[in-house]
Amino acid sequence: MKFQRAELHNHTTESDGSLNVEELLQWGEMQGYEVLAITDHNTCSGHRKAEHCIQKKQLSLNLIKGIEITTFYGHILALKTDRMPDLRELDPNSPELFFKKIRSAGASAIGLAHPCCIGRPVMAGCRFDMKLRDWNVIDYIEVFNTSTGIDEYGEQFIGNGQALTLWEDKVLAGYSLAAVSGKDIHQKPSDENCMITYAVFDDEEEIENLSDAVVGAILTRKTMVTKGPLMWASLKGGILTVTLDNSSDYFSWCEKYRKTDPMLVIRDDCNNRKEIKFLPEDTEIRVELSGNAKRAVVRLYDGDVDIMSLNAAGICAQDKGRTCS
1 MKFQRAELHN HTTESDGSLN VEELLQWGEM QGYEVLAITD HNTCSGHRKA EHCIQKKQLS
61 LNLIKGIEIT TFYGHILALK TDRMPDLREL DPNSPELFFK KIRSAGASAI GLAHPCCIGR
121 PVMAGCRFDM KLRDWNVIDY IEVFNTSTGI DEYGEQFIGN GQALTLWEDK VLAGYSLAAV
181 SGKDIHQKPS DENCMITYAV FDDEEEIENL SDAVVGAILT RKTMVTKGPL MWASLKGGIL
241 TVTLDNSSDY FSWCEKYRKT DPMLVIRDDC NNRKEIKFLP EDTEIRVELS GNAKRAVVRL
301 YDGDVDIMSL NAAGICAQDK GRTCS
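Numbering (the numbering used here), first residue to last: 1 to 325.
Honestly, the hints are just simulated from the structure, not real lab data.
These figures come from a predicted structure and were not determined experimentally.
Watch out, some of these pointers could steer you wrong.
Below, computed lysine-lysine pairings styled on BS3-like, alpha-carbon distance capped at 27 Å [what the hints assert, rightly or not]: (1) Lys57 x Lys100; (2) Lys65 x Lys80; (3) Lys170 x Lys236; (4) Lys277 x Lys236; (5) Lys2 x Lys320; (6) Lys80 x Lys57; (7) Lys56 x Lys101; (8) Lys56 x Lys80; (9) Lys222 x Lys236; (10) Lys274 x Lys236; (11) Lys256 x Lys236; (12) Lys49 x Lys236; (13) Lys236 x Lys101; (14) Lys65 x Lys188; (15) Lys274 x Lys320; (16) Lys274 x Lys222; (17) Lys2 x Lys236; (18) Lys259 x Lys274; (19) Lys170 x Lys80; (20) Lys2 x Lys277; (21) Lys80 x Lys2; (22) Lys101 x Lys57; (23) Lys320 x Lys170; (24) Lys256 x Lys2; (25) Lys80 x Lys236; (26) Lys259 x Lys2; (27) Lys2 x Lys222; (28) Lys56 x Lys188; (29) Lys188 x Lys57; (30) Lys100 x Lys256; (31) Lys236 x Lys320; (32) Lys80 x Lys100.
Computed spacing ranges between beta-carbons, pair by pair [claimed, not checked]: (33) Leu97 x Arg273: 16 to 22 Å; (34) Asp249 x Leu97: 43 to 49 Å; (35) Thr43 x Asp202: 33 to 39 Å; (36) Thr165 x His52: 38 to 44 Å; (37) Lys2 x Cys270: 28 to 34 Å; (38) Thr43 x Cys270: 27 to 33 Å; (39) Met30 x His52: 15 to 21 Å; (40) Gln55 x Glu192: 27 to 33 Å.
The beta carbon of each residue, even a glycine, is placed where N, CA and C say it ideally should be.
Input sequences plus hints: build the corresponding full structure.
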């Protein structure tokens, strides 16, 4: 498998960020991001500036033009779009039509930003409070928003654990949703071992346009979030196979993984849950699930099963030989 790093939630001085477009792009270049999205609040004004900067500075990163549609009932991320929808058309009690209009206006991928943030009265609008019934109108959920760093209090504030469980529940219910992280950059972030997003591609897959390929990975649920370990999973005939790649140099994971106490936590759509301990050097783990299981989601912990010890998540496997609703 091939993994491409992407940062999908960022702001500039075009909205409420403190970095201008050029500063954000140069930061992303120095951090080694292959793909970076600009998702300013309710504006696309930075897109042309970003394209000009990449060309002028001959930057190697690839741009995804996006927007964070910011409402009093939740924040919506739209990727590959340069049009802001009319917020007057949003009915928070029946928002499906609004999401469809975002897509018809050109958005290729639509997601929810920090859906389980603390919300009212502290952060009005930051929590997703719309009464969404048809989850097919979105493509992904930001399961880790790392704007608060790796602080435990910040985690309680932003609600990443709840967001990850929300994503898992929807996937196990049959919805095709990808999981991503977002730094939600408003100022230059501190250098911390936070969750980051990787798009996952087959080794033989040819990539012509990396920005399009990353959006395509979101649409086909081929993403993961991680603090270092790279993972993918497959499910066939009740056997779940989880494969690990520890070659990543993100915060020296390729060296420090040997000192971890790894454990998989697996849930399937038959309401089963398993905890599987294994050795740090193991690269393939096979687990027998219920014979009726069509889908499974996987988390990787280091020792304790708590959100601060989580090293990788957002991984889903579906048995392609079984019909899923």
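Quiz prompt | Hint consistency between lysine 259 and lysine 274 [alpha-carbon to alpha-carbon, up to 27 Å] | solution = Roughly 23 Å between the alpha carbons, so the hint for lysine 259 and lysine 274 holds.
Quiz item: Within 27 Å, alpha carbon to alpha carbon, are lysine 80 and lysine 100?
Solution: 15 Å, holds
Practice problem: Please work out if lysine 56 and lysine 101 have their alpha carbons no farther apart than 27 Å. | Solution: With Cα atoms ~34 Å apart, lysine 56 and lysine 101 exceed 27 Å; violated.
Quiz item: Is the hinted range of 27 to 33 Å satisfied by the C-beta distance from glutamine 55 to glutamate 192?
Solution: 31 Å, holds
Quiz item: Regarding the pair lysine 80 and lysine 236, is the alpha-carbon distance no greater than 27 Å?
Solution: 34 Å, violated
Exercise. Verify the proposed pairing of lysine 65 with lysine 80, using a straight-line Cα cut of 27 Å.
Key: 5 Å, holds
Self-check item: Distance restraint between lysine 101 and lysine 57, which requires alpha-carbon spacing of 27 Å or less
Solution: 35 Å, violated
Quiz item: CB of threonine 165 to CB of histidine 52, is that within 38 to 44 Å?
Solution: 42 Å, holds
Quiz prompt | Hint consistency between lysine 274 and lysine 320 [alpha-carbon to alpha-carbon, up to 27 Å] | solution = Holds. Lysine 274 to lysine 320 sits at ~22 Å (cutoff 27 Å).
Quiz item: Is the hinted range of 16 to 22 Å satisfied by the C-beta distance from leucine 97 to arginine 273?
Solution: 37 Å, violated
Quiz prompt | Given hint lysine 236 paired with lysine 2 - CA-CA distance at most 27 Å | solution = Holds: lysine 2 and lysine 236 sit about 22 Å apart, inside 27 Å.
Quiz item: Holds or violated: lysine 274 with lysine 222, Cα cutoff 27 Å?
Solution: Holds, at roughly 23 Å.
This entry does not satisfy hints 1, 7, 11, 12, 13, 22, 25, 30, 33 and 38, going by the numbered hints stated previously.
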